[in-house]
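Asker: Using the hints, position chain B against chain A.
Number of protein chains: 2
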Amino acid sequence: MKKVKIEHKYAPFPKPIALIGSLVDGKPNFMTIAWFNRMSMSPNIWMISIGKNHYTFKGIKENGTLSMNFPNPDLVIKTDYCGLVSGREKDKSDIFSIFYGELKTAPLIVECPISIELEVVEMMEKEDLVLIFAEVKNIFSEEKYLTNGELDPIKFKPLAFIKPNPEGYYYKLGQRVGQAWSIGTQLLKEE
Amino acid sequence: MKKVKIEHKYAPFPKPIALIGSLVDGKPNFMTIAWFNRMSMSPNIWMISIGKNHYTFKGIKENGTLSMNFPNPDLVIKTDYCGLVSGREKDKSDIFSIFYGELKTAPLIVECPISIELEVVEMMEKEDLVLIFAEVKNIFSEEKYLTNGELDPIKFKPLAFIKPNPEGYYYKLGQRVGQAWSIGTQLLKEE
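Which chain is which? The protein sequence lines are A and B, in order.
Take the first sequence: its letters are residues 1 to 191, numbered as in this note's numbering.
Take the second sequence: its letters are residues 1 to 191, numbered as in this note's numbering.
Hints were generated in silico from the structure; no laboratory data involved.
Please note: incorrect hints may appear among the correct ones.
[As the list claims (entries may be wrong)] One-sided and incomplete, this derived list gives chain A residues near chain B with beta-carbon spacing under 8 angstroms:
hint, residue
1, 15
2, 35
3, 36
4, 39
5, 84
6, 130
7, 161
8, 164
What you are looking at is a predicted structure, and each value in this text was computed from that prediction instead of being measured.
Idealized CB from N, CA, C, for every residue including glycine.
Same shape as in the complex, but just chain A (with noise of 0.2 angstroms):
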C-alpha cells in the first residue's frame, strides 16, 4: 500500500450546507456557507467562520443574531446561486418566502426543511474572518419530515456537499452503514 501526497488544499467533507441568513438594512438576506460546526453540547453553541467583507455579516453585526437554513435537493439550485452572488450586487430578499421566530431579526426560510435561529455570543477577528459562536435559539420544521416527534433524514433529504478537489459537488444522503455508539460494541465483545 502506497500513500501518496495529494497538494490541493481540502476541507472535510462531506460537509451539512446552509443557507445563514440576516437581516441587512432592514431586509432578508441569504449566504451559502459550509464552514460552521457546533462547538458545545450545553449550551449548543455553534462556531462559523465567515469572511469580513460579506454583505450577510454586516446584518449579523448589526442585530446580534443570525439564521441557519438546511435545504433539501430540491432547492439545490438557489442553495448555488446564493453563493454566487452578492446581496450587495443583487437583491435576495425574495428568492424565498421567510418566515420569523423568536429573535425577529433572524429572517427564516419557509421552503427549507430546517430552519435554526441562533443569537451571537462572542465574535472573534482572525485576519480577514470573523468566528462567529452563536447559540441556537429555536429549531424549526415541520410535521411532515418528522417520525415520532423527531426529525428524519429519510424525509427531510439533508443535502450535502463536497470539495474534494478544485470542484465542489452537492450530493444526496446515501445508505445507512450503522447505528453510532452501537455498531462497534461487536469489537468490545470479542475481547
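Answerer: Positioned in the frame of chain A, the structure of chain B alone reads:
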C-alpha cells in the same frame, strides 16, 4: 405550511466523521470526532472542538501535532469503537496499521483513504472544551482513490455522520445532484 419547534439539541449534518490521532506517552491513540471544521483557506487552518479530559487531547498537548483520518464504510465498526472506549481504559494502538509523515508525532492510519497531519497553531479554552486551531501540513491518500491526480469521492467513499435525534447513524454518500458555483448560474441567466 405549519412550522413546529424541535426540542432536541442537535448538530449540523450530514457531518464528516474522522478519527483524530495523537501519540500519548509514545503510543498511537485514536478517537472518533465530528466537531471539527475548516476555518481558513490559506493557511489551511482547521478548528477542532474537543473535551479537555480526552486521552487523545493529552497527546495533542504533549506534541503540538495531531492527525485526522477519514474512514470509508468498510471501517465503520472500528470507527464507532474508537468513539466508544477511551484510550485510558483500552489500548487502541493496534486497531489500525500506522504510518508517519513529516511531523513524526502524528500517527496516520494506513487503512483510511485519506489521512492528514496537522500542527497546532493555537489552543483556546472554553469551559470544559478546548478549541484547537491546527494547520494542515500534509494530506496522504493512494493512487486507487484518485482520478487525474485528484481525490475522487466515488473511489474513496466517504462516511457521513448524521444525528438528527438522540440516535446517530453513519451513512454512505448518495447521488450527486449538482455542481457548486455552477448549477445556480441558471438563475442569473433568468434575470
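Asker: Each hint needs a verdict: does it hold in this structure or not?
Answerer: Now the hints, each set against the structure:
1. Checking residue 15 of chain A against chain B by beta carbon gives a least distance of about 7 angstroms; that is within 8 angstroms, so the hint holds.
2. Here the hint on residue 35 of chain A is kept, as its CB sits about 6 angstroms from the closest CB of chain B, short of 8 angstroms.
3. Checking residue 36 of chain A against chain B: minimum C-beta separation of about 6 angstroms stays under 8 angstroms; hint holds.
4. For residue 39 of chain A, the shortest C-beta to C-beta distance to chain B is roughly 5 angstroms, which falls under 8 angstroms, so the interface hint holds.
5. Interface restraint check for residue 84 of chain A: the shortest CB-CB distance to chain B comes to about 5 angstroms, inside 8 angstroms, so the restraint holds.
6. This hint is violated: residue 130 of chain A has a C-beta 11 angstroms from the nearest C-beta of chain B, more than the 8 angstroms allowed.
7. Interface hint at residue 161 of chain A: satisfied, since its Cβ lies 7 angstroms from the closest Cβ of chain B, which is below the 8 angstroms cut-off.
8. With 8 angstroms as the threshold, the beta carbon of residue 164 of chain A comes within range of chain B, its nearest partner Cβ sitting at about 4 angstroms, so the hint holds.
In this structure, the one hint that does not hold is number 6.
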